[in-house]
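Got chain A; can you put chain B on it based on the hints?
Chain by chain, the residues run as shown.
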Amino acid sequence: MKRLVTVTVVAALAATGVAAGLAVSGADSREGSAPVAIAPAIESAATTQPAPRAPKRLRLWKFDAPVVPVKLEGGALDPPSDPEVLGWWGQPAGAAGGTTLLVGHTVSTGGGTLDDLEHTTVGSVAKVSGVRYRVDRVTVITKAQLARRAPRLFDQTGTPKLVLVTCEGYDSVTRTYADNVVVVATPIGAA
Amino acid sequence: MNKFTAGIGSLALVAGSAFFVVTAQGQAASAANPQVTTSLSASAVLGSWVHNGSYTDWQEDPTQPTLEDGLKLGERETRTITGSTETTDWVTESPGDGWVQVAERTVIVKPAWTETIPGEPSQWWNFQPNKTEGPFDGPPTFPKDPRGTWTHKGQLPPGHEGADGVYQQGQGNGSWFFRQAGTPDQKIEHAAVTRQELKFERTSPDVTEYRWQILEWVDDNGGENGGENGTTPTDPAQPDDDQGVGAATETRPDQPRREKNRAPGATNPRVPTVIDAGL
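Taken in sequence, the protein lines are chains A and B. All residue numbers in the first sequence are consecutive under my numbering, ending with 191. All residue numbers in the second sequence are consecutive under my numbering, ending with 470.
Only chain A is shown next, with the shape it has when bound in the complex:
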């Protein structure tokens, strides 16, 4: 519908002469040039980026675990109950934009999939279902800080990235965790 309207307008303005052409330019200077500029960019992206796919497995340092989708409940995102399985939320691996979030348990007595995530080395490479990511940041932040940074950290429309999150700072008295470990990695190509 929109394209048809555009053609009609252009034809109409052409019929009115040069002055009409100026009117088109003033109304929307992008008309006509956008398809030419966009097409090469799409082709370039298609040859360098791996195809998006649902994460099935994470391999990073000593971590090697299967991944299943998890759903957001209100503002809370809980990993799968099985501490040896990771949960996935957000964008697929290899997406053109947005955060691919993987969450997994830390177990105070050991055996959690993401135990010791805070010791991950910056620069190490993660592989998620055929997509490679380079670890850029490893941080331990409070849960309040996580909530404050969540909109940017888990943004679904910005720069593509992989984020791994687990818990840290176990209090043996209250049996709760005060902090989150956050690992941020950026895609570097197909595995």
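Hints in this document: simulated from the structure, not taken from any laboratory. Here the structure is a predicted model, which is why all the values come from computation and not from measurement. By construction, the Cβ of each residue, glycine as well, lies at the ideal position given by its N, Cα and C atoms.
List time: in silico BS3-like cross-link candidates among lysine-lysine, alpha-carbon distance up to 30 Å:
1. B:Lys390 <-> A:Lys127
2. B:Lys390 <-> B:Lys301
3. B:Lys322 <-> B:Lys335
4. A:Lys143 <-> B:Lys390
5. A:Lys56 <-> A:Lys127
6. A:Lys62 <-> B:Lys390
7. A:Lys71 <-> A:Lys127
8. B:Lys301 <-> A:Lys62
9. B:Lys322 <-> B:Lys344
10. A:Lys71 <-> A:Lys56
11. B:Lys378 <-> B:Lys301
12. A:Lys56 <-> A:Lys143
Take a look, some chain A residues computed to stay more than 10 Å from chain B by CB distance:
13. Arg57
14. Val173
15. Ile188
16. Ala191
Just chain B now, with coordinates in the frame of chain A:
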């Protein structure tokens, strides 16, 4: 090109001499004004730019972002994110650039200890001449001598200390013996095994961010501009089996689905804010 400009074109088609008036109106409407209402004579272009409830992403650059056709920016909002300080757990190396070491500790992986290597006990043999030998003219040869037999008697008894070798007790008529002194226990002191652990901090300064209302053209007769923007509301961030992106599927759409009237780059309010991942 949006419907508003399409209206301009239509007017140009039916009344070419009137297009200058229309252009002026259009340029006025394209200014960043959230409530601009045109007053063109043609009813098809009557309407207004209204805030559709969504915003652009927060950005640090105060320059206005570009939206797709059919949408325009409204009022700008500003917020300041107070700087914060992140602190690492105890680690053995810096997480990267921008981190400053603020603490250091020595962790004893294994305390210092003393290792004892046991010594060898002393040894003592007695020589018994053969009975057929008659008067024995020593010394016998150790460890074998055809004139008799060496018998191991255990550790050296008190009163027999001396240099290793064959010796005779008494003055020419005593028995012959062989002695070999023992070695004492050896003690080796080992230093503790330690590891240096560090804490790092990174301070983020205050950041001012901007976002803009996203406006869309709504005709006075109630019709919205650009029907192709009216997609079914979905959660762009939610893996959902119903959308064919769950565990049983291999892929999900590359681009997030858009909520109704949501422009690319509009803020997505639904992200996790609590992650309890500890057992």
